[in-house]
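Participant: Here is how the chains run, residue by residue.
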Amino acid sequence: MKALPLISLYNLRLFFKHTYFKYILAVIMILGFFMIPNPKSDYVTFTVGNYTGTSNLVWISNLTPVYINAIFALLSLFISQNLKNKEMADHTYINFRLSVKSNFQLLMYRVFSLFLYLTLLAFILEIIILFINYQSYNLGLYLIPFLYFTIPYLFFLSAVCTVIDYLVDLKFLKYVLYFGFIIFVYNTSIRHLLDITGIQELMDNFLQVNAKNNDSFILGKIKNKEVQYIRFQHFITPKKWLDKLYLFPVAFIIVLGAALLFKRYAGIKNKEQNQAPAKSEAKPLPAKQNVYLPQHMVYSFNLISLLKAEFFLLGHSLSRNLRLTAFVLWILAFVAQGNIRILLVAAVFITILPLNQNYLAGKYTNNTLYAEKISGYPPVLFVWSKFLLFLVYVVIVIPVLDYSSLEASLFIITKLLFLFLFQLAYTTFVKDYLMVEIIMIIIFSSYFSGVPVYEIF
Amino acid sequence: MSLSLNNITYKINNKTILQNISLSLDKGVYGILGLNGAGKTTLLNVISTLTKPEKGSLHYNNADIVKTPLVMRKDLSYMPQNFGLIPDLSVTQNLMYFGMLKGLSSKTLKKNIPGVLEFFNILHTKDAPVKNLSGGTQQRVALALALVNDPKVLILDEPTSALDPIERINFYERIKEMSAHAIVLVSSHNIYEIEKFVDHIIILKNGQISFSDTVDRLVPEAMAGLGEPGRNTTLNLEKAFEYFAK
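Chains as they are written, first to last, in this note's numbering: chain Y, 1 to 457; chain S, 1001 to 1246.
In isolation and in its complexed conformation, chain Y is listed as follows (with noise of 0.2 Å):
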């Protein structure tokens, strides 16, 4: 197994270098945002008879694991499928046909990869909704259900998804497997059999409190008004850690089967291949004597032709549809009203969120540094041009400026400066953009809990 960290380490960071990443971050901490209310909020999402718990730390602690397992179950797929193709694609997929391992080896590098990758977001999210909610802790305590009900979980549903994405080519199959693999453990007998989402056991706990709650419960959004609560005093804590832990047998079983099953050579036929050229590449032109003669070439080296360049990079830094939606949100923005007005603004930003990896990190990421380096403009010009993506972000937030009040319009803009420095600061200084983009992402994610950790507008 020494090549265990190697292999999963390279499944991991293709998790991460997904194009979707931080759309799916940005959707885990929305959905964690929205399932797991607030102190303040108006509402509540999830109720067992007509109870639901009082809004404090036990009861977060309680319900956040539990949510988090709906939530993966909701996004595992997603986030798991292609990933054999994506390996195909990076031609290290090789590697797995040639390799001496055995496929049980081989399948398990990846579950571990998927379980970090999965864990790690799933941690994100407990930690950030600790912080939004409750400003002391016992951070211990609170931790405690969520090993118990969401670290089993995520290892056994890491297991389930490596092996549908490995073991069937066919994208309707493996939506069929994986929504009967959802039902199967939502199922009333299967929960109270085995509970393998957790959410059993805290229903258990409102029947301890109050014998009167029948054996139904409720996802979704109702209005407080309309439900009673239980104050806990307790968190969940694992008398029984077996109920639990069996899971990772179970899904090392899984795996076992998998692996007899799983043909390597299988399904590898026009997928393997070198990536598609472009269609115009297939068919070169014969090679001929050509002649470039360059014509009116006329240079010019100030900040107003490097904004025209940085303007064009820019331009360029967003997908044609990513810049179409965040297009039509802002436009609805000056429509909307209210809180409504305040989350398309967020949610605008969180659709530009390529321009931290495609135009503030993209010369480190690309290698392509060296055509500033040796450019004609001053370095410092480099650095002011940047500000361009500020002025875009001012241009954003437009719809959100107090008109009544310069002070508080100001105020705003500020805290974007603020935003856009440290952006900038951090993706020259470390060359990256991972850690800015997650960071954002939590910002304007939790516009949507209605308590944002960084209010800016």
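Accuracy of the hints is not assured; some may be wrong.
[What the hints assert, rightly or not] Derived contacts from chain Y toward chain S, CB cut-off under 7 Å, selection only: (1) N224; (2) Q228; (3) Q295; (4) L307; (5) F311; (6) F312; (7) L318; (8) L322; (9) N366; (10) T368; (11) A371; (12) K373.
[Said to hold, decoys possible] In silico lysine-lysine, BS3-like type, Cα no more than 25 Å apart, as pairs: (13) K373/Y / K1152/S; (14) K1107/S / K308/Y; (15) K1246/S / K373/Y; (16) K1055/S / K308/Y; (17) K1110/S / K373/Y; (18) K431/Y / K1126/S; (19) K373/Y / K1055/S; (20) K373/Y / K1067/S; (21) K1055/S / K386/Y; (22) K1074/S / K386/Y; (23) K1126/S / K308/Y.
Note that these hints are calculated values from the structure, not bench results. C-beta atoms are modelled at their ideal positions from N, C-alpha and C, and glycine is treated no differently.
Take the given structure of chain Y and dock chain S to it, following the hints.
Facilitator: Just chain S, lined up with the frame of chain Y:
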């Protein structure tokens, strides 16, 4: 037009990468050869002002470009080994953006980009994202980018590694034409590839120049050093290179 290096020394972590390199370059094609780790890329980085030397001076048209690198950067094009392109942008978008960094206006670039793409037979890929192109085509895009601004100093780090033989000949012929009004520096592992096109060969050995002269002088000097009579054969060219590089 002249470019001169005087006693250039460069170290990384107390390890000497370049030692007392002195060269005087005029218009023409200069081939920089050497084994892996000889210091070829570092030398090109120093000449292109990407890296500051620890000791020594560089002058371009009598201006000290260690102190005032912008003087040469306006006339410079550099193609790194990894091509230095933005994978998500199309071929044209790459040439537009990097061309603007070379000081050209978008209007000028729009006029010139089709011509330089045609020269490398990649006009048909102009709208394709670079990441979808093969390695050879990406290299042609990088070469097109290096030539688009009609540079006076052109530095190419292993520029033809992914090109087919016909494209290599086309490319070097163009480079030869350009050298009538430009200083062209080309690094390579392969002496046979560049011998017909370069005016001058510089061989590096452990960060020092072991040979710097015309191609014609390479074999006789090596043979003289080996104590063998000079025979201008293919075998001797290889032996000559080995003699100076190993």
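Participant: May I ask you to test the interface hint for A371/Y with respect to chain S, counting a Cβ-Cβ separation under 7 Å as satisfied?
Facilitator: 5 Å, holds
Participant: Was the hint right that Q228/Y lines chain S, CB cutoff 7 Å?
Facilitator: It is violated, given that the least Cβ distance between Q228/Y and chain S is near 54 Å, above 7 Å.
Participant: Holds or violated: is there a CB of chain S closer than 7 Å to the CB of L307/Y?
Facilitator: 10 Å, violated
Participant: If you take the shortest Cβ to Cβ gap from F311/Y to chain S, is it below 7 Å?
Facilitator: The hint is violated - F311/Y has no Cβ within 7 Å of chain S, the shortest such distance being about 10 Å.
Participant: Quick one, is the T368/Y hint okay against chain S at 7 Å, beta carbons?
Facilitator: 5 Å, holds
Participant: Quick check on F312/Y please, does its C-beta sit within 7 Å of some C-beta on chain S?
Facilitator: Holds - the Cβ of F312/Y comes within 7 Å of chain S, reaching about 6 Å at its closest.
Participant: Within 25 Å, alpha carbon to alpha carbon, are K1055/S and K386/Y?
Facilitator: Measuring from Cα to Cα gives roughly 34 Å; hence the hint is violated.
Participant: Hey, K373/Y versus K1067/S, does the alpha-carbon distance stay inside 25 Å?
Facilitator: Status holds; Cα separation ~14 Å.
Participant: Using Cβ atoms only, decide whether L322/Y comes closer than 7 Å to chain S, and label the hint accordingly.
Facilitator: 12 Å, violated
Participant: Is the Cα-Cα distance between K1246/S and K373/Y 25 Å or less?
Facilitator: Since the Cα atoms of K1246/S and K373/Y sit roughly 33 Å apart, the hinted pair is violated (cutoff 25 Å).
Participant: For K1126/S and K308/Y, compute the direct alpha-carbon distance and say whether it is at most 25 Å.
Facilitator: 21 Å, holds
Participant: Is the straight-line distance between the alpha-carbon of K373/Y and that of K1055/S 25 Å or less?
Facilitator: Holds, at about 20 Å.
Violation of the numbered hints given earlier is confined to hints 1, 2, 4, 5, 7, 8, 15, 16, 18 and 21; the remaining hints are satisfied by the structure.
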